[in-house]
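Colleague: Produce the entire structure from the sequences given, and follow the hints as far as they go.
Read top to bottom, the protein sequences are chains R and C. Heads up: the first sequence at position 400 corresponds to 577 in my numbering, and the numbers run straight through without jumps. Heads up: the second sequence at position 277 corresponds to 385 in my numbering, and the numbers run straight through without jumps.
It is possible that part of the hints are untrue.
Just a sample of chain R residues kept apart from chain C, beta carbon distances all over 10 Å, derived [said to hold, decoys possible]:
| # | residue |
| --- | --- |
| 1 | Arg274 |
| 2 | Ile382 |
| 3 | Val391 |
| 4 | Ala403 |
| 5 | Gly404 |
| 6 | Gly490 |
| 7 | Gly560 |
Reference listing, derived: stretches of chain C covered by chain R, where coverage requires no fewer than 3 residues with Cβ under 8 Å from a Cβ of chain R [said to hold, decoys possible]:
| # | stretch |
| --- | --- |
| 8 | 249-257 |
| 9 | 328-339 |
Derived by calculation from the structure, the hints in this document are not laboratory data. Idealized CB from N, CA, C, for every residue including glycine.
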Amino acid sequence: MSRTRLSAEHNWILLSLAAALSGIGLLLIYSAEQTTAGAATQYWQFQTIWLFVALAAYVAAGFLPLRWYDRIAWPAYAIGILLLMVVLAFPAVSGARSWIRFGGIGFQPSEFAKLAAILVVARWAATLDAPPRELSDLKVPAALLGVPALLTLAQPDLGTMTVFVVLLAGMCFWAGASPVLVFLLLSPLVSILLTFSLPLWSVYIVGVGLLLIVLNPRPLTWAYVAGSNLLMGIVSLPLWNSLAGYQQRRLLVFLQPELDPRGAGWNVIQSKVAIGSGGWLGKGFLEGTQKRLAFLPERHTDFIFSVLGEEFGYLGIAVAFVLFALLLVEGVRIAERSQDPFGSTLAFGLVVLIGAHVAINTAMTVGLMPITGLPLPFLSKGGSFLLVCFVAVALLRVVWSERSVVRRRT
Amino acid sequence: MLKSDRISRFSGPFDPISRNRRARLARLCLFAGFGVLLAVFFHLQILEHDVHAEQATNNRVRTIPLPAPRGILYDRDGEVIAENLPAYSVSLLPESERELVEGMGAIAGLVDLEPEAMASLVRQYRLAPGQPILIDDDLDYPTLSLLEEKRSEIPSLLLQPKPRRVYPHGEEVAHLVGYVAQIDERELSERDRYAAGDIIGKTGLERMYEDRLRGEKGAEHFEVDALGRRVGHWQARPFEPPRRGNDLRLTIDLDLQRKAAELFPDSARGAVVALDPNSGEVLAMYSHPTFDPNMFSGRMPRSTWSSLVDDPGRPLMNRAIQARYAPGSIFKLATAAMAMMLGVVEHDEYMDIPCKGGYRFGRRWFGCHSVHGWAALADAIITSCDTYFYQLGLKLGMEEFTRFGTAWGFHERTGIDLPSEAASQFPTSVAWYDDHYGEGRWGSGVLLNLSIGQGEMAVTPVKAAQFFAAVVNGGRLLEPRIRSTREAPEVVGRLPLSSDQFGVLRASLSGVINDWRGTAYRKTRAMEEEYTIGGKSGTTEHDAGAPHGWFVAVGPMENPGIVVAVIVEESGSGSDQSPIAVEMVRSYVEGLSGPPDADPAPQAPIALGESEPADQP
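Modeller: The structure is reproduced here in structure tokens:
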């Protein structure tokens with residue numbers, strides 16, 4: 178088949194959506210800078226320059242054939258893991274060692290590592306002859322994504338770690354693992370999350386036990402699921418109880434921001450006030466009081482969505498969600514249409530990556546998720562992340578243009 | 109080859125059917141996820157919008173009250189007694205206690221701020237954290253401009269116009285108007301609608317008519333940023349102007365008031381009360397020693413306050429309504445009135461025993477200040493013969509004496525519209541003596557003392573004036589009042605005497621000054637006027653020091669327009685005080701009939717803020 182003919186087929190939907198979202202992002206970053214507090218900044222100009230860089234990257238990445246990405250997956254992954262280890266030697270920025278800085282410029286290696294990890298997991302999926310049926314069939318992706326997850330946890334960057342976990346779930350699912358199997362794989366993490374409440378955890382453990390009895394999997398699976406769930410509960414319960422009262426409260430601030438309205442709870446309270454006071458149509462461009470008077474923290478980055486909610490109201494929020502949904506649905510369509518297992522899994526991984534960022538970030542602005550500092554794709558200020566997003570769109574476009582090509586396994 | 113190719117394409121995890129199945133599930137998850145998010149945002153932005161909109165406003169809007177100018181006090185002719193001058197206050201509106209302490213430290217060099225004052229302001233902050241903390245409300249312009257420059261360094265600094273209460277004739281009217289000062293913690297806990305730092309009337313008319321005078325506070329709405337810095341006015345509602353309190357027209361004649369202050373001997377203590385006997389209106393009320401109420405309007409140094417409180421002359425006390433003195437001989441008019449009313453004596457009737465310089469009652473000798481011989485009732489009043497009144501009192505009897513003294517309110521407050529009036533004292537019944545001395549352990553001798561205004565009775569100067577007003581107005585005991593109204597005066601009691609009997613009393617009053625035997629003849633005679641002035645002197649014995657001197661003057665006797673009661677403590681003799689009282693009467697009567705140009709157009713007061721129209725013409 179002629180690769181050139183197909184690669185000429187461009188996906189305009191993806192590019193239009195990405196451009197529209199980036200345009201909204203530029204407006205919001207410009208607005209976020211119009212405050213009464215602090216020095217005047219010109220972030221929106223930098224972001225504009227970065228947008229052109231990202232578009233150039235989109236064009237460049239789109240020229241390369243899918244086969245090439247298949248080939249660079251392992252080297253990229255190795256570099257990504259290396260950088261994630263190197264970054265731990267750098268000084269912490271607002272509590273996390275997640276930035277590598279040289280002179281004036283810096284980037285977060287985890288952003289690169291996310292793309293690289295998606296590539297290697299897609300490679301793994303392409304080697305499958307049959308859908309994974311046992312937990313042991315998932316040990317490769319679990320290891321491939323578990324290593325960067327643990328390295329980001331060490332920074333500590335809980336948000337990015339969560340993204341790796343969600344990628345594991347999503348890509349295993351796309352590789353054919355049943356949702357129940359995926360759940361069994363990740364059940365120890367659920368066990369940890371539930372240990373803040375002993376009754377809830379007990380109910381969960383009983384539920385997992387019943388599930389195991391019904392499914393009756395292999396003894397090894399039994400051992401893994403039962404052992405890891407109990408271990409997590411047993412380890413984290415005394416751990417939780419050994420925390421001082423104020424430490425527990427800090428963790429519980431997510432559940433009840435009112436516990437510490439001036440401290441840990443401030444961000445989410447002010448974000449909710451900003452969004453909630455927006456109403457149907459918002460206060461108008463540049464008119465958000467929460468933003469203008471600097472009540473809203475991290476206006477350019479983590480809480481850019483709150484600026485949207487305050488100044489453009491529910492209408493603006495809905496438009497942004499529709500644009501994201503269209504982008505992700507188009508990504509799912511590309512994954513569905515791609516007949517190449519590597520391309521298909523790659524596309525779905527990218528959808529999961531963008532979707533996880535959107536869900537975690539927007540849910541955080543309304544207090545549904547703990548504040549993790551995960552940026553919103555296309556909208557948040559930050560050049561390297563914008564670049565990653567446009568490369569992701571470029572990869573989707575490459576998969577789309579080669580959707581009918583089935584390559585020989587390598 | 110083809111077959112294996114087909115298998116590799118269409119079996120395993122990536123055959124089209126399973127891809128399609130998973131894609132459908134993935135799309136379902138996507139729509140469900142966005143559906144949940146849209147619902148959550150709908151709940152927050154639409155259903156809970158009002159709550160969050162209010163929070164957004166509360167976040168950024170700080171409201172600072174603007175003090176209202178108080179109502180202006182005018183005298184009966186429209187002359188200004190109390191007004192407001194523009195002044196500036198410096199306050200701190202801190203976000204935290206730390207910011208308050210820092211702010212105070214930063215301005216301590218510019219304004220007078222002692223460490224103990226700082227501690228008290230911190231306490232005030234803890235009481236009401238959202239309220240501005242007043243540091244000084246009487247800034248001079250150099251300080252104001254120095255502070256203005258510090259505005260950017262001290263985010264909590266607040267400079268505001270604050271009207272300052274001013275009394276142009278402060279010392280002359282001090283006890284009458286009282287003074288205003290910052291509300292204290294006790295008043296704050298008792299009253300609604302006040303905040304720490306507010307100005308409130310503390311004594312006198314300022315306290316009595318606080319609710320009328322205070323006006324309505326305005327407000328200034330500022331927008332603050334997340335750090336608590338003010339970035340400007342709140343655009344939606346920047347400013348609500350304060351409303352000036354209601355003005356008050358008083359019955360006081362400021363010229364007469366100043367006359368009283370001028371006439372009163374500077375080294376003495378005492379009071380002057382002048383009433384219009386026909387209406388009960390207070391024309392003048394002066395107490396000495398006095399103070400300057402203007403001192404209280406600004407921030408008063410502790411030393412000034414303690415010197416006022418510790419002064420043995422008690423300058424803060426309004427002797428006209430708060431000090432009680434035995435009435436002495438001025439009470440003889442009351443004894444005479446009771447006796448005539450009950451018919452125990454006729455106006456031309458002599459007592460059984462003439463005055464030989466005193467009266468023997470049982471084994472006790474009750475002295476008189478002179479030898480008056482035989483005298484009728486009017487003569488006895490004119491000469492103030494004690495011997496006559498001892499016998500008259502005995503004829504009246506204890507029962508009737510206490511009954512009528514009580515009926516005429518000698519044990520009560522007059523009800524004047526000033527706070528903290530003291531009640532006069534009077535034995536309300538015979539039983540009173542039984543209670544105080546024990547049954548059978550007191551004799552009729554007490555009655556002799558009571559008849560001449562000594563013993564177990566004491567009156568305030570305003571009570572004395574009220575009684576004399578009733579004597580010359582046909583017997584109506586009127587509630588004295590300082591606020592001018594059109595309403596008829598409140599009659600609180602009556603002296604039920606015939607007009608002939610009142611005639612006897614009035615003739616006696618004239619005689620005191622104009623008869624050669626009168627006690628005040630030597631001091632105040634030789635006034636060739638077209639009208640007559642009457643009066644009555646009183647000299648009261650008391651345990652500590654020289655006797656107090658009373659004089660109550662009335663004029664013109666032909667148609668009484670003014671009653672003036674004067675008490676000068678430890679002055680020795682009442683008749684010596686007659687010139688003060690008589691001069692007051694003269695100045696008032698002649699002021700009224702004087703040429704029209706003596707009544708200049710009322711000066712325009714300095715009025716800050718808008719006001720309700722004055723409630724008086």
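Colleague: Evaluate each hint against the coordinates.
Modeller: Verification of the hints:
At roughly 28 Å, the least C-beta separation between R/Arg274 and chain C is larger than 10 Å, which holds for a residue marked as non-interface. The Cβ of R/Ile382 sits about 26 Å from the closest Cβ of chain C, beyond the 10 Å cut-off, so the non-interface label holds. With a minimum CB-CB distance of about 21 Å to chain C, R/Val391 clears the 10 Å threshold, and the non-interface call stands. With a minimum CB-CB distance of about 27 Å to chain C, R/Ala403 clears the 10 Å threshold, and the non-interface call stands.
At roughly 28 Å, the least C-beta separation between R/Gly404 and chain C is larger than 10 Å, which holds for a residue marked as non-interface. Non-interface call for R/Gly490 relative to chain C: violated, since the shortest CB-CB distance, roughly 6 Å, does not exceed 10 Å. For R/Gly560, the condition that its CB be more than 10 Å from all CB atoms of chain C holds, with the nearest at approximately 27 Å. Under the rule that three or more residues need a Cβ within less than 8 Å of chain R, the assignment of the stretch 249-257 of chain C is violated, with 0 such residues.
For the stretch 328-339 of chain C, the proposed coverage by chain R is satisfied: 7 residues have a C-beta within less than 8 Å of a C-beta in that chain, meeting the threshold of three.
In the structure shown, a violation is registered for the earlier hints numbered 6, 8, in ascending order.
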